[in-house]
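Asker: Read off the chains here:
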Amino acid sequence: MNMKEVLDRLAVHLSDVDHRAIVLTHSKIDQIRFSRNKLDIGISYDETKFKVFLAKRYDGQRKTIEFEGSTEEDVLEKINFFKFSLDKLPPNPLYGGMNEISYSYPKPRYDEKLLEMDAKGAVEQAIEAALSAGAKRVAGTLYIYDTETYLKTKFTEGYDRNVYASLSVRAFIDKTISGHRVNSVSKSSDFDPEETGRKAGEMAKLDNMNRIKVPAGKYKTILGPLAAAGLLGTIGRMTSAAAVVMGFSPFTFDKLGKKIASEKFTFISSADKEFIGYRLFDEEGVPVKETKIFDKGTFKTHLHSTSTANLLKAKGIPAEPTGNAGILYPHARQLIVEPGDSSFEEMVENVDRGLFVSNVRYTRFQSYVTGDFSTIPRDTFLYIENGKIKGSVRGLRLNGNVIEFLKNIRALSKDRYPIYRREAEIPTVTPYLLVEDVAFTEAR
Amino acid sequence: MYMKDRLLALVEEALRLGAKYAEARFYNSPSTSIVVQNGNPIQIVSTTDFGVAVRVIYENGMGFASTNRIEEITELPKKAIKMAKAAQRKNPIKLSEDKFEKVSYKVLQKKSLGLEDRIELLKDLDKHVSEGIERSTRTFMLHETIERRVFVNSEGAEVEHEIPRINLFYNLTVMANGDAESYMNEVGRSGGFERFNEDLFDEVRRNMLVLKDVLENARPFAPGTYDVILGPSVIGLAAHESSGHPMEADRIFGREAAQAGESFIDPEGERRLGKRIGSEVVNVVDDPTVEGSYGYYLYDDEGVKARRRYLYKEGIINEPLMNREYAAVLDTLSNAAGRSSEFDREPIPRMSTTFVEPGDRKLEELLEDIKKGIRIETYTERNIDDIRRNQRYVGSDARYIENGEKKFRIRRPVIELTTKTRRSSIDAVGNDLKFYAGECGKGDPMQGVPVRMGGPHVRMRNVYIFPAPRGE
Numbered sequence: 000m001n002m003k004e005v006l007d008r009l010a011v012h013l014s015d016v017d018h019r020a021i022v023l024t025h026s027k028i029d030q031i032r033f034s035r036n037k038l039d040i041g042i043s044y045d046e047t048k049f050k051v052f053l054a055k056r057y058d059g060q061r062k063t064i065e066f067e068g069s070t071e072e073d074v075l076e077k078i079n080f081f082k083f084s085l086d087k088l089p090p091n092p093l094y095g096g097m098n099e100i101s102y103s104y105p106k107p108r109y110d111e112k113l114l115e116m117d118a119k120g121a122v123e124q125a126i127e128a129a130l131s132a133g134a135k136r137v138a139g140t141l142y143i144y145d146t147e148t149y150l151k152t153k154f155t156e157g158y159d160r161n162v163y164a165s166l167s168v169r170a171f172i173d174k175t176i177s178g179h180r181v182n183s184v185s186k187s188s189d190f191d192p193e194e195t196g197r198k199a200g201e202m203a204k205l206d207n208m209n210r211i212k213v214p215a216g217k218y219k220t221i222l223g224p225l226a227a228a229g230l231l232g233t234i235g236r237m238t239s240a241a242a243v244v245m246g247f248s249p250f251t252f253d254k255l256g257k258k259i260a261s262e263k264f265t266f267i268s269s270a271d272k273e274f275i276g277y278r279l280f281d282e283e284g285v286p287v288k289e290t291k292i293f294d295k296g297t298f299k300t301h302l303h304s305t306s307t308a309n310l311l312k313a314k315g316i317p318a319e320p321t322g323n324a325g326i327l328y329p330h331a332r333q334l335i336v337e338p339g340d341s342s343f344e345e346m347v348e349n350v351d352r353g354l355f356v357s358n359v360r361y362t363r364f365q366s367y368v369t370g371d372f373s374t375i376p377r378d379t380f381l382y383i384e385n386g387k388i389k390g391s392v393r394g395l396r397l398n399g400n401v402i403e404f405l406k407n408i409r410a411l412s413k414d415r416y417p418i419y420r421r422e423a424e425i426p427t428v429t430p431y432l433l434v435e436d437v438a439f440t441e442a443r
Numbered sequence: 000m001y002m003k004d005r006l007l008a009l010v011e012e013a014l015r016l017g018a019k020y021a022e023a024r025f026y027n028s029p030s031t032s033i034v035v036q037n038g039n040p041i042q043i044v045s046t047t048d049f050g051v052a053v054r055v056i057y058e059n060g061m062g063f064a065s066t067n068r069i070e071e072i073t074e075l076p077k078k079a080i081k082m083a084k085a086a087q088r089k090n091p092i093k094l095s096e097d098k099f100e101k102v103s104y105k106v107l108q109k110k111s112l113g114l115e116d117r118i119e120l121l122k123d124l125d126k127h128v129s130e131g132i133e134r135s136t137r138t139f140m141l142h143e144t145i146e147r148r149v150f151v152n153s154e155g156a157e158v159e160h161e162i163p164r165i166n167l168f169y170n171l172t173v174m175a176n177g178d179a180e181s182y183m184n185e186v187g188r189s190g191g192f193e194r195f196n197e198d199l200f201d202e203v204r205r206n207m208l209v210l211k212d213v214l215e216n217a218r219p220f221a222p223g224t225y226d227v228i229l230g231p232s233v234i235g236l237a238a239h240e241s242s243g244h245p246m247e248a249d250r251i252f253g254r255e256a257a258q259a260g261e262s263f264i265d266p267e268g269e270r271r272l273g274k275r276i277g278s279e280v281v282n283v284v285d286d287p288t289v290e291g292s293y294g295y296y297l298y299d300d301e302g303v304k305a306r307r308r309y310l311y312k313e314g315i316i317n318e319p320l321m322n323r324e325y326a327a328v329l330d331t332l333s334n335a336a337g338r339s340s341e342f343d344r345e346p347i348p349r350m351s352t353t354f355v356e357p358g359d360r361k362l363e364e365l366l367e368d369i370k371k372g373i374r375i376e377t378y379t380e381r382n383i384d385d386i387r388r389n390q391r392y393v394g395s396d397a398r399y400i401e402n403g404e405k406k407f408r409i410r411r412p413v414i415e416l417t418t419k420t421r422r423s424s425i426d427a428v429g430n431d432l433k434f435y436a437g438e439c440g441k442g443d444p445m446q447g448v449p450v451r452m453g454g455p456h457v458r459m460r461n462v463y464i465f466p467a468p469r470g471e
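Chains as they are written, first to last, in numbering that gives the first Met the number 0: chain H, 0 to 443; chain U, 0 to 471.
Think of the hints as simulated: they come from the structure by calculation, not from any bench.
C-beta: ideal position from N, C-alpha, C; glycine also.
A portion of the hints provided could be inaccurate.
What the hints assert, rightly or not - Chain H residues, not near chain U, derived (Cβ > 10 Å throughout):
{"hint": "1", "residue": "Ile42"}
{"hint": "2", "residue": "Lys55"}
{"hint": "3", "residue": "Arg136"}
{"hint": "4", "residue": "Glu156"}
{"hint": "5", "residue": "Glu201"}
{"hint": "6", "residue": "Lys212"}
{"hint": "7", "residue": "Met237"}
{"hint": "8", "residue": "Lys263"}
{"hint": "9", "residue": "Ser342"}
{"hint": "10", "residue": "Ile375"}
{"hint": "11", "residue": "Asp414"}
As the list claims (entries may be wrong) - Not the full set, but computed from the structure, chain U residues with beta-carbon under 10 Å of chain H:
{"hint": "12", "residue": "Gln36"}
{"hint": "13", "residue": "Ile41"}
{"hint": "14", "residue": "Glu74"}
{"hint": "15", "residue": "Arg88"}
{"hint": "16", "residue": "Pro91"}
{"hint": "17", "residue": "Leu112"}
{"hint": "18", "residue": "Thr172"}
{"hint": "19", "residue": "Glu255"}
{"hint": "20", "residue": "Ile369"}
{"hint": "21", "residue": "Asn389"}
{"hint": "22", "residue": "Val393"}
{"hint": "23", "residue": "Ser395"}
{"hint": "24", "residue": "Val462"}
My request is simple: use the sequences and hints to build the entire structure.
Answerer: This is the structure we're talking about:
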């Protein structure tokens, strides 16, 4: 089936709407899940999805609707139904228009060698390496993704293809002693199941130190890449202009242009870099680009589609589309933190009394608007005293406020790690972070 | 060809190719979501969970293949076997020896609403909730799905169901004096819009007024040990998070170790089936067959007939939630907990309607002999560690109690305790029962399934409570 021709045929039926975007994705994904050193299941996904956005002008205001379908016939039927449903719907005051520029995009770049890998062999290699490094049992998942995207709007059309893989290995010495490592790659040369398994095993071994009872309180804290990616993904999501409007963000419009984070923190939305979240264009055809959300601590911009940017501009707030996914609700496709100049070891040396949190899970907010949250350290969790790791810690919960957290970043490592996994759904490239005054509470 | 016959043909083909066991599923579930923000409809989205999947056991491996491309459906048995070959184990895989039926069932909607009527409903709700409140943001997301599923397997199961499910999620924030307070919750039912009435409007309004009251009237309280009354919303959440999740058999046996996590229950240790875990006044139940529940079903996604299960009986660890693979590990029959959220997801052990059974005490009786205490009716932030032992609940609607009477409102009291402390601190269970809906996330890729949770008011003794740390 020629996908481009399918989109052309569907577009004919949408000539009378003002704005339209049809995104067709065809995803082929292979997955192997494993636990207790054995393979649990092999899964193959093969899915075609049409995503259609329509906007039509009525008396100076626009009405919008979105729908999905899986076949050309299905989408055609929905087009005919929803096109006329628009007449009866109220206008959408939060729709400010979409990209009206025609672009030409570069040819997609991807590494097909990833699709040729021996998935079973890679998983077995990772398990074996983790066991050799000291783990008693190993669990995880390997995904291999191959996604093609076709886009057609009234103004532009494009094609993209992305191939990437992500291996997640969690190694256990017992139920509460574990280490976790993720290897998320878009290049076959970066895929290393042996190292991923071995490092997970080594992290478990590091966690297998004498348990130290650490009281609740504030600590200088080093966050490993898994922990940092989990929190930064949440923070990245909050920088969407739509999140602010809908009450899901503390990054209100009055904070724009202000230094609200640490001087050392530069946070970029950038799907143009060839990591796992690499893409050519967003859902309205705006080419992806590098957007500094925070530049040396200054909050530079929210994430914008043409719609949210136009709405803000109408209120006198400068805004430009940032090339992100989502027409009504822009969100990052890939987040990147600029590196620092420390090594992990130097960070540890600079901690007089503090903690190392390798991973977090279950981050929840008291209020998205105030930004108060807590999250639970998991896997390797260590106490540091006078620049030395003294033992492992359990039972503490990390408390924070996202703005305080960003303000208190004191150092970043020079090495960075691309992370994409269940608890970091936005691909994030992050260094280790050293954060001052992180509050920990304790279950009794 | 009728879809069930096509699925049976896929099963037959998988067996012909050498599979020891095969099953096929077809889901065709249309959904519509409407988002209304501060009274304005800002997003209307229609989607469909549409596709076919085949799962097989081939030699010592389990394989699963799915597609929504019509032309690829006949390839699924071959692909599933290929994936099973890529996931071979050393030992054979067994499934429990359940009995299967040929059955079809359907939940009717007593009241249905068109798109425009749903938008009007949300606009009316927004108006009712925000009246008289100076500064606030309100976001309502109404989601309706008609879950249509067909399942067959090589052991005689042929199950078809149609269950409409409706969910309303809302996020409320009230702002005053440079400060803000927020609350999120969801309401869900299987069936139609018949329960989306004045009672719901008033409940959401009450939650909004609590936020205003917190900002205007909350008084400080000292960290310390208090007697606590927890409302059905908090107890329901605890029943789900710290009682239900650790009883999922795949967690107990480590299959979710790299994803949702494991369980404090240890099949070979001190905390195993049959051992006491908590107070004998506590029973925790999971029951998929509660009519009208958001987590309702009569047959699970492996074709097994559903029934009520006591997860904990009089404080004893009683019966885990099992799909067929883990029922076989425990040498028993499945208790129909195998659920797959979408056509392309494998069935894994999940909850449905999980609740603490009511006791015999009136709320006034629970309150009357509390000298110094805190009553928490609803919660805001909450989380729990991945073996379900260390948990936290932050109160939203919360008051200080003295000599059995509510004295003043307090802000964000935090209970952070272990499952053992929580269960052993309970000394009385109320005779009321209320339910709340939720989407439960688990698995990899993430599977969100509709669930319901609830319980009565419960009293706990000597619990350490402190005000939530806040940003400066």
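Asker: Please go over all the hints and tell whether each is borne out by the structure.
Answerer: Hint by hint, here is what the structure shows:
1. Ile42: Non-interface label on isoleucine 42 (chain H) violated, nearest chain U Cβ at 4 Å vs cutoff 10 Å.
2. Lys55: Per Cβ check, lysine 55 (chain H) is outside 10 Å of chain U; nearest 13 Å; holds.
3. Arg136: For arginine 136 (chain H), whose nearest Cβ neighbour in chain U is about 7 Å away, the distance does not exceed 10 Å, so it is violated.
4. Glu156: 22 Å, holds
5. Glu201: 17 Å, holds
6. Lys212: 14 Å, holds
7. Met237: At about 13 Å from chain U, methionine 237 (chain H) clears the 10 Å cut-off, so the statement holds.
8. Lys263: The assertion about lysine 263 (chain H) holds, with a minimum of 20 Å to chain U.
9. Ser342: 28 Å, holds
10. Ile375: Since the minimum Cβ distance to chain U is about 5 Å, isoleucine 375 (chain H) lies within 10 Å and the statement is violated.
11. Asp414: 23 Å, holds
12. Gln36: 5 Å, holds
13. Ile41: 4 Å, holds
14. Glu74: With a minimum Cβ separation of about 8 Å from chain H (threshold 10 Å), the hint on glutamate 74 (chain U) holds.
15. Arg88: Hint holds; arginine 88 (chain U) Cβ to chain H Cβ min 5 Å, cut 10 Å.
16. Pro91: Hint on proline 91 (chain U): violated, closest Cβ of chain H at ~12 Å, above 10 Å.
17. Leu112: 14 Å, violated
18. Thr172: With Cβ-Cβ at 5 Å, under 10 Å, it holds.
19. Glu255: Hint holds; glutamate 255 (chain U) Cβ to chain H Cβ min 8 Å, cut 10 Å.
20. Ile369: 19 Å, violated
21. Asn389: 4 Å, holds
22. Val393: The hint holds - valine 393 (chain U) has a Cβ within 10 Å of chain H, the shortest such distance being about 6 Å.
23. Ser395: 9 Å, holds
24. Val462: Cβ of valine 462 (chain U) sits 8 Å from chain H, so the hint holds.
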